[in-house]
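First to last, the protein sequences are chains A and B.
Sequence positions in the first sequence follow the UniProt record's numbering and run 1 to 415.
Sequence positions in the second sequence follow the UniProt record's numbering and run 1 to 299.
Since no wrong hints were added, every one of them can be taken at face value.
The list that follows gives simulated cross-link-like pairs (lysine-lysine, DSSO-like), each with its CA atoms no further than 27 Å apart: (1) A:Lys191 - A:Lys81; (2) A:Lys184 - A:Lys34; (3) B:Lys47 - A:Lys267; (4) B:Lys47 - A:Lys342; (5) A:Lys314 - A:Lys382; (6) B:Lys47 - A:Lys232; (7) B:Lys125 - A:Lys232; (8) A:Lys342 - B:Lys125; (9) B:Lys47 - A:Lys305; (10) B:Lys125 - B:Lys53; (11) A:Lys315 - A:Lys305; (12) A:Lys333 - A:Lys382; (13) A:Lys276 - B:Lys53; (14) B:Lys27 - A:Lys232; (15) A:Lys269 - B:Lys47; (16) A:Lys267 - A:Lys342; (17) A:Lys158 - A:Lys209; (18) A:Lys81 - B:Lys47; (19) A:Lys277 - B:Lys47; (20) A:Lys342 - B:Lys27; (21) A:Lys277 - B:Lys53; (22) A:Lys346 - A:Lys390; (23) A:Lys265 - A:Lys305; (24) B:Lys47 - A:Lys276; (25) A:Lys194 - A:Lys184; (26) B:Lys53 - A:Lys269; (27) B:Lys53 - A:Lys232.
FRET-style restraints, in silico, Cβ to Cβ: (28) A:Gly185 - B:Pro55: 49 to 59 Å; (29) A:Ala325 - B:Asp92: 37 to 47 Å; (30) B:Glu69 - A:His116: 56 to 66 Å; (31) B:Asp174 - A:Lys267: 39 to 49 Å.
Because the hints were derived from the structure by calculation, they are not lab data.
Just so it is clear, CB atoms sit at the ideal spot from N, CA and C, and this is done for glycine as well.
The primary structure of each chain is shown beneath.
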Amino acid sequence: MEVLKIATAGSVDDGKSTLIGRLLYDTKSLTSDKLEAIERSSKQKGYDYLDFSLATDGLVAEREQGITIDVAHIYFSTATKSYIIADTPGHVEYTRNMVTGASTSQVAIVLIDARHGVIEQTYRHFFINNLLRIKDVIVTINKMDLVDFSEEKYNQIKADFQNLVTKSDYEDQQITFIPVSALKGDNVVEKSNKMDWYKGQTLLEHLEKIDTADIYNRGRTRFPVQYVIRPKTEEYHDYRGYAGKVYGGDINVGDEVMVLPSETKTKVKEIYFYDKKYQSAARRSSVTLTLENDVNVSRGDMIVKVGELPKIEKKLTATISWMDAKELVPGAKYTLQHGVNKVLAKVSAINNKINPDYSGIETGVSSLKMNDIASVSFQLNKPIFFDAFKEHRTNGAFILIDSQSNNTAGVGFIE
Amino acid sequence: MTDKIQINALENEAIYIFREVAAQFEKPVLLFSGGKDSITLVRLAQKAFHPAKIPFPLMHIDTGHNFPETIEFRDRLVEELGLELIIRNVQDSIDQGKVKEESGRYSSRNMLQTTTLLDAIEEFKFDACIGGARRDEEKARAKERIFSVRDDFGQWDERNQRPELFDMLNGQIDFGQNVRVFPISNWTELDVWTYIERENLEIPSIYFSHPRETFVRDGLIWSASEFVYKDEEEEVEERIVRFRTVGDMSCTAAVASYATTISEVVAEIRDSSISERGARIDDKRSEAAMEERKQQGYF
Chain A
1 MEVLKIATAG SVDDGKSTLI GRLLYDTKSL TSDKLEAIER SSKQKGYDYL DFSLATDGLV
61 AEREQGITID VAHIYFSTAT KSYIIADTPG HVEYTRNMVT GASTSQVAIV LIDARHGVIE
121 QTYRHFFINN LLRIKDVIVT INKMDLVDFS EEKYNQIKAD FQNLVTKSDY EDQQITFIPV
181 SALKGDNVVE KSNKMDWYKG QTLLEHLEKI DTADIYNRGR TRFPVQYVIR PKTEEYHDYR
241 GYAGKVYGGD INVGDEVMVL PSETKTKVKE IYFYDKKYQS AARRSSVTLT LENDVNVSRG
301 DMIVKVGELP KIEKKLTATI SWMDAKELVP GAKYTLQHGV NKVLAKVSAI NNKINPDYSG
361 IETGVSSLKM NDIASVSFQL NKPIFFDAFK EHRTNGAFIL IDSQSNNTAG VGFIE
Chain B
1 MTDKIQINAL ENEAIYIFRE VAAQFEKPVL LFSGGKDSIT LVRLAQKAFH PAKIPFPLMH
61 IDTGHNFPET IEFRDRLVEE LGLELIIRNV QDSIDQGKVK EESGRYSSRN MLQTTTLLDA
121 IEEFKFDACI GGARRDEEKA RAKERIFSVR DDFGQWDERN QRPELFDMLN GQIDFGQNVR
181 VFPISNWTEL DVWTYIEREN LEIPSIYFSH PRETFVRDGL IWSASEFVYK DEEEEVEERI
241 VRFRTVGDMS CTAAVASYAT TISEVVAEIR DSSISERGAR IDDKRSEAAM EERKQQGYF
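All chains, please: the whole structure from these sequences, using the hints.
Written out as structure tokens, the structure reads:
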């Protein structure tokens, strides 16, 4: 079964929870005990509609305050796909949660309240979807029932949003507009009979059509070695398997490869997935490789195809989304985790802060606070093997770990 | 040699997580209950490390109130696969006076497992405990990380969790802390069942339809057993049932079912209108029952 991960972001009142609830309800993914619980809670609160947010807000603090604090994961499936929604809060103080939710997603839903149109928050959501190179963005213009299902209103919002798109540098991004009423169920799963002027697909129809195998542009093959398998049994006495996940493109038996950082050349001898051998491994598969020559390979090393070298450098500049309460300052040291490889990194300069609403940059910034986004330069103690994030969504990202608290303090997208 | 690998995104994600555990931690352990989720974990671990053996032991926190079919199954699986199994008993924690047996209508040893688990973690100095919890099971679990850090007291600080970006897992901890790892976080109940069907995995017989002495309370079907409290007026009757989830006898309700094969079970789950945890008596205690238990160190 195919899996599609979707990021949603929104505020309390733009109807995001209702939209998710509608998707669950109309795909018959809400079981009767969950539905009963929602009915019970809605009634208790005196609502005359079903408050689907109760199905998604999992923590006590969230239910008390009526807001989504963290990333919640919601699951539903159809006959063809399994869907995972990473639902995050939309306020500026939750930028880090939005970045986190978007990082594990392949598709984003941006919600717009038809009464209010494109607002500051819409800018931020779209900015984050651009920053994280989310290829398929679905703009759902919600609450169409409250604007009399007006085509004019829809067209105006669409034009405003397209104006925003011109500020983006991500040309391959596909943007789809869908007018919906999550509360009444129009164009979410079922086609609306009140908006004959809209000839496009419903939200679910659009999701169903997305090819999960091809949601990202292909990149060069990168195989970071996660773990070395040495069974040391009679049968596999000399076996040395390099376990890892294939990123970017395929890898095949016989491919001429280079191991980094040693720059030793060899060939792929075998590809194992569990107890079977294969001729080829596609990207995203977790396999085990054996190599023709007896080379020294350990965790954190990277196997690449000859002629497709990544950058191998001790200096880099990245767009950082800061996530820690402790501020980032020049001179500070962190553990930089790039995929499965760890090095030490020192902040050499904060170049500028980027306003996540396309209003430009701020220079002369002395520190980064939680939820800030900025261009930062680093000096590393050892070179890492990377690509620019825009060219390689996996090999261009890293996290920064605070060595005192061990917290994941930020994420970087290499420029 | 086959040409192309059939990609199952969830399976590949889980294998990746298992390898991260083996690489990042010194003393991992796989928590094994003999239920379908932990059976799935064992297969995924085999796939992650083949042709080497699974590089960590299994551990069962035994409440003493398990279904005998599950225990039989557990021992056979461990024997067949040549795995190392550690067993720690809730009864011992009770005998040592560390926890008190609950009494009354809804008494269960489910809560008591936490103490036994935390003691075992300390005894063996485990730094990573792999479990089969899934985010779709329960709303507090929907917020759980794949690597979930617990402090020296085993507690979950749900308001202050590490963000998990892309597939990078940060397993850095201080001495004394441990991480709970959930490789099948993103699987649904149906995903687990279809995987068991595809992999042709053996599971305990109580997952299939069988006649059983039961009684009905609060609309749920309870097993009549010496471990389950029962009022005089609650009438025992033989019913045709199966279990959708396998925990302690005192906290797992049965469902009426005629499904005798995996494919019948899969078909039944597909059509089911009740969630899996709907048959967990431990979750019915309050809306925040799971969150509270997790804060104390429960899975």
